[in-house]
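First to last, the sequence lines map onto chains A and B. Our numbering puts the first sequence at residues 196 to 754. Our numbering puts the second sequence at residues 196 to 754.
Keep in mind that the hints were calculated from the coordinates and are not lab data. Be aware that one or more of the hints could be misleading.
List of simulated lysine-lysine pairs, DSS-like, C-alpha gap at most 27 Å [claimed, not checked]:
id, chain 1, residue 1, chain 2, residue 2
1, B, Lys567, A, Lys745
2, A, Lys567, B, Lys323
3, B, Lys427, B, Lys323
Pulled from the structure, derived: some chain B residues nowhere near chain A, Cβ distances all over 10 Å [to be verified]:
id, residue
4, Ala226
5, Ala228
6, Thr246
7, Leu308
8, Ala337
9, Gln389
10, Arg410
11, Asp433
12, Ala456
13, Asp535
14, Gly577
15, Ala672
16, Gly692
17, Gly706
18, Thr731
19, Asn741
Each pair of labels, with its calculated beta carbon distance range [claimed, not checked]:
id, chain 1, residue 1, chain 2, residue 2, range
20, A, Pro509, B, Ala570, 39 to 49 Å
21, B, Arg556, A, Ala569, 53 to 63 Å
22, A, Val236, B, Arg556, 46 to 56 Å
23, B, Arg556, A, Glu632, 48 to 58 Å
24, B, Gly493, A, Gln231, 52 to 62 Å
25, B, Glu639, A, Glu210, 54 to 64 Å
We treat Cβ as the ideally placed atom computed from N, Cα and C, and that holds for glycine.
There are 2 protein chains.
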Amino acid sequence: MPDAKYALGIDYGTESARALLVDVADGREAATAVYQYANGVITDRLPDGGTRLPAHDWALQDPEDYLRALDATIPECLRQAGVRSEQVIGIGTDFTACTMLPVRRDGTPLCTLPEFRAEPHAWVKLWKHHAAQPEADRVNDAARRLGEPWLQRYGGRISSEWFFPKALQILDEAPRIYDAADRLIEGADWIIWQLCGRETRNLCTAGYKAIWSKRDGFPRREFFAALDPGQKFAAVVDAKMSRDILPLGARAGGLTDAMAARLGLRPGTAVAAGNVDAHVAVPACTVTGPGKMVMIMGTSICHMVCGAAERQVPGQCGVVEDGILPGLFGFEAGQSAVGDIFAWFVRTCVPGSYQARARRRKMGVHDLLAEKAAAYRPGQTGLLALDWWNGNRSVLVDANLTGLMLGMHLGTRPEEMYRALLEATAFGTYIIIRTFEEHGVPIEEIYCCGGLPERNDLLMQIYSDVTGRSFKIARSAQTCALGSAMHGAVAAGSAAGGYDSIRDAALRMAGVRDKTYRPDAGAHTVYEEIFAEYRTLHDYFGRGANDVMKRLKALKGVE
Amino acid sequence: MPDAKYALGIDYGTESARALLVDVADGREAATAVYQYANGVITDRLPDGGTRLPAHDWALQDPEDYLRALDATIPECLRQAGVRSEQVIGIGTDFTACTMLPVRRDGTPLCTLPEFRAEPHAWVKLWKHHAAQPEADRVNDAARRLGEPWLQRYGGRISSEWFFPKALQILDEAPRIYDAADRLIEGADWIIWQLCGRETRNLCTAGYKAIWSKRDGFPRREFFAALDPGQKFAAVVDAKMSRDILPLGARAGGLTDAMAARLGLRPGTAVAAGNVDAHVAVPACTVTGPGKMVMIMGTSICHMVCGAAERQVPGQCGVVEDGILPGLFGFEAGQSAVGDIFAWFVRTCVPGSYQARARRRKMGVHDLLAEKAAAYRPGQTGLLALDWWNGNRSVLVDANLTGLMLGMHLGTRPEEMYRALLEATAFGTYIIIRTFEEHGVPIEEIYCCGGLPERNDLLMQIYSDVTGRSFKIARSAQTCALGSAMHGAVAAGSAAGGYDSIRDAALRMAGVRDKTYRPDAGAHTVYEEIFAEYRTLHDYFGRGANDVMKRLKALKGVE
Chain A
196 MPDAKYALGI DYGTESARAL LVDVADGREA ATAVYQYANG VITDRLPDGG TRLPAHDWAL
256 QDPEDYLRAL DATIPECLRQ AGVRSEQVIG IGTDFTACTM LPVRRDGTPL CTLPEFRAEP
316 HAWVKLWKHH AAQPEADRVN DAARRLGEPW LQRYGGRISS EWFFPKALQI LDEAPRIYDA
376 ADRLIEGADW IIWQLCGRET RNLCTAGYKA IWSKRDGFPR REFFAALDPG QKFAAVVDAK
436 MSRDILPLGA RAGGLTDAMA ARLGLRPGTA VAAGNVDAHV AVPACTVTGP GKMVMIMGTS
496 ICHMVCGAAE RQVPGQCGVV EDGILPGLFG FEAGQSAVGD IFAWFVRTCV PGSYQARARR
556 RKMGVHDLLA EKAAAYRPGQ TGLLALDWWN GNRSVLVDAN LTGLMLGMHL GTRPEEMYRA
616 LLEATAFGTY IIIRTFEEHG VPIEEIYCCG GLPERNDLLM QIYSDVTGRS FKIARSAQTC
676 ALGSAMHGAV AAGSAAGGYD SIRDAALRMA GVRDKTYRPD AGAHTVYEEI FAEYRTLHDY
736 FGRGANDVMK RLKALKGVE
Chain B
196 MPDAKYALGI DYGTESARAL LVDVADGREA ATAVYQYANG VITDRLPDGG TRLPAHDWAL
256 QDPEDYLRAL DATIPECLRQ AGVRSEQVIG IGTDFTACTM LPVRRDGTPL CTLPEFRAEP
316 HAWVKLWKHH AAQPEADRVN DAARRLGEPW LQRYGGRISS EWFFPKALQI LDEAPRIYDA
376 ADRLIEGADW IIWQLCGRET RNLCTAGYKA IWSKRDGFPR REFFAALDPG QKFAAVVDAK
436 MSRDILPLGA RAGGLTDAMA ARLGLRPGTA VAAGNVDAHV AVPACTVTGP GKMVMIMGTS
496 ICHMVCGAAE RQVPGQCGVV EDGILPGLFG FEAGQSAVGD IFAWFVRTCV PGSYQARARR
556 RKMGVHDLLA EKAAAYRPGQ TGLLALDWWN GNRSVLVDAN LTGLMLGMHL GTRPEEMYRA
616 LLEATAFGTY IIIRTFEEHG VPIEEIYCCG GLPERNDLLM QIYSDVTGRS FKIARSAQTC
676 ALGSAMHGAV AAGSAAGGYD SIRDAALRMA GVRDKTYRPD AGAHTVYEEI FAEYRTLHDY
736 FGRGANDVMK RLKALKGVE
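All chains, please: the whole structure from these sequences, using the hints.
Now the structure itself:
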């Protein structure tokens, strides 16, 4: 289609970035390309055999990988699709978050300067950098002590993964870097600055990761002062963070001449404000209103739902006005391990005879287990598990909880345990849904995307039967990149052939598959009984009646 | 040694019988032979393609297998050792229990008579025949209702495996067989009858399986009457059971001429009263006094200890005066699955890579797991399990409990779970020990025999570290058969070259190995902490606070 208009979506993930070129008229995916970060996730040594990182819970990235990703994917997409630069009307991006870095006033990352290159704190702190726990503890203690009103918006606890604990860790451990940083910025915003030459801060990461709200802005200066006896941190927002907060889909600017030349696009092409990988998936699943939960199901699950009013929901990861869709309050929750648990099981608990059978039948071990597990009725295994192999994110917000399974007997088979683990993660989702509903955020339908719904019929049916809700699956297998492209089309606006709202974009560019998973009434009835058992154990082990999991974890370190 | 004196011990197990020819002077094992029962354990159809059994929880045997075992093993032992018939001074036997059968007044099993051969109830009911649960429930209900004083001697519950539930099942389901049975008799006593032509009843099975005590005899007639509206069962003891109760090691009689000729022994050779496989092992481990627990460790564990006075210990399987050693009260407890759990784990939960590595190193998977598990300190896995894969025999006496494991995370490895299972069974033993001690039965030292202590260094050290007690291992690998031979030597008496008491026999014929497992003080301290956690979970799931295991088990059957 020589006259068709296209939008580009760039999805910055943990190990790689993906570009997707999408027809603005109908969401058709014209081309895609992936770039594996040259320096990947840095957990051991800085690149080129440099400094060894101080501890195992560090996770850094190289900002130059983000630029190399653009070089490697965008020209390739244009080439694949035979699309001319003038047909591309907008670019949207999404990023892992909070993934942040210290930069100069002109946007230069400190880690690219020779004098700071050997300093770990000069590099990008990836979302899963977990070394700022002491700083997170200080943030939470101070917030509780000072009665900060925003704490409840984040389920009562700020995560070590978020912006201010990471910023405070730089000040604590590398004051020279803190002083040299004119700006502390999300990767999501830094890439926009590179594309259009303007420093902005997107509402989504500001709201979910940096304690900003439309009503109250950032936390008050006195709070930051309380975190640092040296008083430097008091000015962290004023001195080092842009307060130019852009809503989602807003036009951050036009592509710079230099970047346009480098990527083979036209100068001035609309660039949307930054965004978070999970959140852009919501309209890409066709969801543009309240009451419809979107679940990104992969190694973990991220749950997002919009509501008309702000509510305090225990254990939610955050509620942000306009944070997912304009005009609505966006709620986020999560399960810290889902696909990861199934992968653990296949790696750790499946006998060789199963592996051999799967090989003979040229199928994966997961598929073999699912085939066998599908032969059981709900309740027939007699097993029940708590899905806390990586702690519990929602609704307990406790990383020190661990997994549990009960009901085993001498005839218990691997596929029964596998099924119990599938069910346990469904119960974990159901607790989240019930908790939202019990606190005034109704959830009527579920939309899914991510790697897990692909080819996992049994899993999806179990989720539907457990929760008693229908599950729809996004049409696109690249939902995040599609969502970014949709935001790019909105940034371009209807005058340029795009859209004036994300709702309009979703109507045309997003879709779901034909197959909807619907709950079986009989199965749901049995699962309600088992869920009552799950909830009793969840509360017994998770709410302080018996802290055995934490005490055992503490004992592990005792010599 | 042409003048040496020998005793024969015959150990009737579940799948086979073993004969052991032992030098009376020092316990040296001169020869051994095993006979695999031709008709094995009958769970599906009667022999020769006969009647199909009514249900899956049936387990029968063929009494002719017990005689074939004598033919196959005793002459073979004499031949192997080059021992002459006059050198054999006594024969002792031990049997699974309660393993019982209906016979004619002359000892002929009903199942050998053509008119009854097709009737399942005419055959031997093996100890693990579990189809008499409704009858056991009636026995327990009636005992509680009528306030029968003996119920407390059996931990408050009579098992479906024991004598009267099995007898009552015959009356319920096959009254013709019940009427035709002149005698209902333990296999342990029937084989003695065959050897020496005299019907006796041994004190051990009478006490542990048929509710007999030295002080009170059998339950009163009114109790049996209450079990049967037709009033036939009122006379079960008077009409169908010998009350000629012989203490252990007593001479039941001399070998009959016919049996002597058949087996190549001398007529009149002393035959000891019947006994139970577990109980004869006690003196064969050198234990002849109070305070020393003997554990037979295999697929399950049987715990036996003697005390000076009768005590009511919750969840014990039984206390019988003179039941294990003369002059002492013999207490018995048990864990219903131990080696069975480890075997389940190896069968169900160990990845192919481990199986391949074990093959390459020409070792068993158990040994590989134990080698890896031994690298962990107590507490280092962070895991804790409840060892209820086959219910809980002591101290909860509840077959409907199931297994539990908690503490798993995404890095948990198979050897850690294996170690947690070893530890869980040790905690199960420790609960039994602590319960005995808390109720006035002190336990200072542990002696072990059975298949598990062989080559399982890690397991034995864990048991020692968990319980804080030293563990000694019996010298003989055939402890039951040795114990039977010792009782044969006692039946012969010192005048014939044997012994006048089991204590004298144990001093000369029994022994333990050089290696004693001693508790490490630091490990015991850590295990005391973990045991406190085990006990909390044990009581929470086992004593009614949360009956989730039973409710899940009930749900399994729901269509």
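Do the hints match the structure? See the list:
no.: 1; hint: B:Lys567 / A:Lys745; in the structure: holds (25 Å)
no.: 2; hint: A:Lys567 / B:Lys323; in the structure: violated (31 Å)
no.: 3; hint: B:Lys427 / B:Lys323; in the structure: holds (26 Å)
no.: 4; hint: Ala226; in the structure: holds (36 Å)
no.: 5; hint: Ala228; in the structure: holds (31 Å)
no.: 6; hint: Thr246; in the structure: holds (26 Å)
no.: 7; hint: Leu308; in the structure: holds (37 Å)
no.: 8; hint: Ala337; in the structure: holds (30 Å)
no.: 9; hint: Gln389; in the structure: holds (35 Å)
no.: 10; hint: Arg410; in the structure: holds (39 Å)
no.: 11; hint: Asp433; in the structure: holds (41 Å)
no.: 12; hint: Ala456; in the structure: holds (45 Å)
no.: 13; hint: Asp535; in the structure: violated (6 Å)
no.: 14; hint: Gly577; in the structure: violated (5 Å)
no.: 15; hint: Ala672; in the structure: holds (25 Å)
no.: 16; hint: Gly692; in the structure: holds (47 Å)
no.: 17; hint: Gly706; in the structure: holds (34 Å)
no.: 18; hint: Thr731; in the structure: violated (6 Å)
no.: 19; hint: Asn741; in the structure: violated (6 Å)
no.: 20; hint: A:Pro509 / B:Ala570: 39 to 49 Å; in the structure: holds (41 Å)
no.: 21; hint: B:Arg556 / A:Ala569: 53 to 63 Å; in the structure: violated (37 Å)
no.: 22; hint: A:Val236 / B:Arg556: 46 to 56 Å; in the structure: violated (35 Å)
no.: 23; hint: B:Arg556 / A:Glu632: 48 to 58 Å; in the structure: holds (55 Å)
no.: 24; hint: B:Gly493 / A:Gln231: 52 to 62 Å; in the structure: holds (54 Å)
no.: 25; hint: B:Glu639 / A:Glu210: 54 to 64 Å; in the structure: holds (60 Å)
Checked against the numbered hints given earlier, this structure breaks hints 2, 13, 14, 18, 19, 21 and 22; the rest are met.
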